[in-house]
Amino acid sequence: MSAERKPAVDGPRSSESETRADATPPSRSQPLGMTPLPAASDARTENANAEGTAWLGTVLGLAAWTMFFASLAFAVGWYRMREPWPTLPVSLLGLSLTGLLLLVGSAVLHLGLRRRESPWPARGALLLGLGFLALQAMWTHQAWWTEHVRIPEGGVSASAFHGLTALHALHVLVVTFNLFLVCWRHTRGADVRASLRRHVLGWHFVTAMWVLLFVAVYLP
Amino acid sequence: MSLLSLDHKAVARRYLWSGLGFLLLGGLLALAIRWQWAWPGRSVPGLAWALPESHGALTPPTYTAVFTMHGLVMIFFAVTPLLFGALGHFVLPLAIGARGLAFPRLSALGYWVYALGGVLMLASFAVRLGPASAGWTAYPPLSTSAFTPGLGQTLVTVAVLCAGTSAFTYGLNFVVTVARCRAPGMTWGRLPLTVWGLFFASVLNVVFVPVLAAATVLLLMDRLLGTQFFIAGAAAVGGGGDPVVYQHLFWLFGHPEVYILILPAWGMVGDLVAFFSRKPAHGYRLTAGAMGTVSALSGLVYAHHLFTSGMSPLLGRTFMVLTLLISLPAEVMFLNWLMTLWRGSVRLTSPMLAALATMVVFGLGGITGLALGAVATDVPLHGTLWVVGHFHLTMGAASFLGLFAGLYFWFPKMFGRALHEGLAKVHVLSSAVLFLGVFGGQLAAGYAGQLRRLYDPYQYTYLKHLLPLNQWTTVCAFLLGAAQVVFVVNLVWTLRRGRAAEANPWQVGTLEWTCASSPPGEGNFTQVPVVLRGPHALSQPEVLEQLGRDWIGQAEVLPGVAREGAGEEALATVSTVRSVT
Ligand code: HEM
Ligand SMILES: [Cu+2]
Chain X
-10 MSAERKPAVD GPRSSESETR ADATPPSRSQ PLGMTPLPAA SDARTENANA EGTAWLGTVL
50 GLAAWTMFFA SLAFAVGWYR MREPWPTLPV SLLGLSLTGL LLLVGSAVLH LGLRRRESPW
110 PARGALLLGL GFLALQAMWT HQAWWTEHVR IPEGGVSASA FHGLTALHAL HVLVVTFNLF
170 LVCWRHTRGA DVRASLRRHV LGWHFVTAMW VLLFVAVYLP
Chain H
15 MSLLSLDHKA VARRYLWSGL GFLLLGGLLA LAIRWQWAWP GRSVPGLAWA LPESHGALTP
75 PTYTAVFTMH GLVMIFFAVT PLLFGALGHF VLPLAIGARG LAFPRLSALG YWVYALGGVL
135 MLASFAVRLG PASAGWTAYP PLSTSAFTPG LGQTLVTVAV LCAGTSAFTY GLNFVVTVAR
195 CRAPGMTWGR LPLTVWGLFF ASVLNVVFVP VLAAATVLLL MDRLLGTQFF IAGAAAVGGG
255 GDPVVYQHLF WLFGHPEVYI LILPAWGMVG DLVAFFSRKP AHGYRLTAGA MGTVSALSGL
315 VYAHHLFTSG MSPLLGRTFM VLTLLISLPA EVMFLNWLMT LWRGSVRLTS PMLAALATMV
375 VFGLGGITGL ALGAVATDVP LHGTLWVVGH FHLTMGAASF LGLFAGLYFW FPKMFGRALH
435 EGLAKVHVLS SAVLFLGVFG GQLAAGYAGQ LRRLYDPYQY TYLKHLLPLN QWTTVCAFLL
495 GAAQVVFVVN LVWTLRRGRA AEANPWQVGT LEWTCASSPP GEGNFTQVPV VLRGPHALSQ
555 PEVLEQLGRD WIGQAEVLPG VAREGAGEEA LATVSTVRSV T
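Which chain is which? The protein sequence lines are X and H, in order.
Quick note, the first sequence lines up with residues -10 to 209 if you use the working numbering.
Quick note, the second sequence lines up with residues 15 to 595 if you use the working numbering.
I should point out that these hints are in silico values taken from the structure, not numbers from a laboratory.
Here the structure is a predicted model, which means the values were calculated and not measured.
C-beta: ideal position from N, C-alpha, C; glycine also.
A portion of the hints provided could be inaccurate.
Computed beta-carbon distance windows for the label pairs [unchecked claim]: (1) X:His99 / H:Asp564: 56 to 64 Å; (2) H:Leu18 / X:Trp109: 37 to 45 Å; (3) H:Ala390 / X:Leu162: 46 to 54 Å; (4) H:Arg119 / X:Phe169: 19 to 27 Å; (5) X:Trp173 / H:Ser444: 56 to 64 Å; (6) X:Thr55 / H:Gly203: 26 to 34 Å; (7) H:Leu328 / X:Thr55: 22 to 30 Å; (8) X:Glu72 / H:Leu465: 29 to 37 Å.
Could you put together the complete structure from these sequences and hints?
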């Protein structure tokens, strides 16, 4: 039974090298008997494996990158403990509604992944992402020009507002751009389901980090 | 192999040559520092072309830049890339029976990001006001544009960010590779200790490098955009921020970083003492577990670098206790190494000598660390050369010798040629002894009160009598530099016309030596091996009896047991691995 099964755990490029293996005779420096394995089986398991590996890499990578935002939040927390944090002259409701776009995007993408093949959830999220970026730009613009929350005059709280908003927006930009690439490849007929699933993780990530940003910087 | 190859062995070789190049640069910078402490203000031989105005003598600003760049080059561009980029990239997939890393493109990309950082480092020497000069820790306010306005400081900060990015990518790659790409039968309990060390260190890389990235990005924004995160005092606008935040973030990364640098060496020592005592590693699980415990605790001790920063005494005491706790698992591991050696038939090959030397210098480094871990003794020792001696014994000498243990061990596998054993032993032994001379001298000077980073210590009356000590230390350092010539000669000669390496020169059973050719072809193995046993099956009576040798491959079927026992077990493992995923 197990004899014709192929090992589940395998390097990423094994299918190509397995074909080559036939051509290369075992070299002299390979003197030892190894239990021969059945040759690679179908490409489907192969693919599923690579997908699983990529998925795990994405999950771990994003989870670890949380530390980046946690560190930023730690810094802001430090300043907030030191002295009272000025209330932002920007409408909190407006900022929350902006963040809501990311949350809605998360929900849309999550539900959309269940329905196979429809490109609309991803395209919708694309719009939501752009909307988020535009609104954040608007709020920072308003803070800077109308309310005079400026760098460096505004001290560390203005630095945190503009700096951390920008760093987060940069992440949203990257995620949105990646999503755009996925949609693009989809319109050209590629099977993008697996990669879409990974990019959706990125979206959830920036959504969660927005919540952190809101609590750390925007709340009075 | 071409510069564009994605093969893990090709990437490893790129890191090897770049890392050795930076090791040379960092070493030369170190000699310049030592020269200054022995003959302050006198022309450094051979430096007149670079510093024509002072006829080759170090001025205070150049001296500051030199020790800053020495530290940064060594940590971020030499030792880490050599341990992970070169040895890790090369060994890890082979040792677990994988055909490559999980993400080959990511690993190649990581190298190029590192290379970009390296170019920025080198470029910073050429800009006006010179390279970075705020110490390797780049503490603000010194590292803000108020005090280091030059472009060099900015370039170097970006370069560190590049090195961090590449560390994050290979850390992630290694973790996923170990989790997903092991050969059938290669259970976690059968991983070589080297793989365990690299694995834990990689976990630390992915978790803590983002912290460095955050600190560095905030610092860059302060430098370039005028934000006020770390600015205080006269330079601050609108209230300013707090430089101490940077210190916390830096050491929250920095302390795990010291374990990132030592864990691969620990792992290699664990394997090598077993291989060359011809015995299974004593307490394998305990050793791996101890490395895991140290890694788990490593983020919880960082504020022992900040005892004198004005932190609450309560926190100081907490971090002191945690720091002293973390040395317990390290001691367990050390005792396991000693137990492995105990009554083994020890073979003093060059990798083994390097591993033993690593143990010695690391042991001394750890003991000197205890004096720093206790608040009462750290307060007078902080900021002295004692700290410098401590971290050079651990991070300089131990990681360096561990690196060479690995290099001497795997060189025949990497290049298919055997290094000259005699020269290798001379290199290892002389380096080890001279390391003790150099860093012992630093400990002594620090104990006598010499502060680190002083341009001319002898301006202080109470340090005047330390001049002869420092001069002797400098002599040791120059001899240490000269000893590296032995390695370079050996390397160049071997690559040109060294004899072909035997298939398994060290007579060990790990996959890279028993299932792959030297050097391994693309895809590493003609057939993915099925692993049957752990990495240290040495001097097993039944193997001796049946095969007439004291070692057996991790994937080698013992004749006789083939059909009934081990064979079945192997197939069973294949199907379990399969059904689990
Ligand atoms: C028994 C284990 C160890 C203990 C208790 C310990 C303790 C300490 C303490 C308390 C300091 C801060 C001293 C001060 O600034 O006043 C320190 C500095 C340092 N240690 Fe250790 N350490 C240990 C092992 C290591 C290892 C294994 C490494 C590296 C591989 C290492 C590398 C460093 C570095 C790089 C610094 C400071 C560098 C700087 O300030 O520029 N230590 N150690
Ligand atoms: Cu530390």
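Using the Cβ atoms, figure out if H:Ala390 sits within 46 to 54 Å of X:Leu162.
-> holds, 51 Å
Do the Cβ positions of X:His99 and H:Asp564 conform to the proposed distance bound of 56 to 64 Å?
-> Given about 58 Å between the Cβ atoms, the range holds.
Cβ-Cβ distance between H:Arg119 and X:Phe169: within 19 to 27 Å?
-> About 20 Å separates the Cβ atoms of H:Arg119 and X:Phe169, which means 19 to 27 Å holds.
Status of the given 37 to 45 Å range, CB of X:Trp109 versus CB of H:Leu18 = holds, 39 Å
That 29 to 37 Å hint for X:Glu72 and H:Leu465 (C-beta), does it hold up?
-> holds, 33 Å
Is 22 to 30 Å right for how far apart the beta carbons of H:Leu328 and X:Thr55 are?
-> At 28 Å between Cβs, range holds.
Distance restraint evaluation - X:Trp173, H:Ser444, Cβ atoms, bounds 56 to 64 Å | holds, 60 Å
Please test the hint of 26 to 34 Å on the beta carbon pair from X:Thr55 and H:Gly203.
-> For H:Gly203 against X:Thr55, whose Cβ atoms are near 30 Å apart, the range 26 to 34 Å holds.
Hint check: no violations occur; every hint is consistent with the structure.
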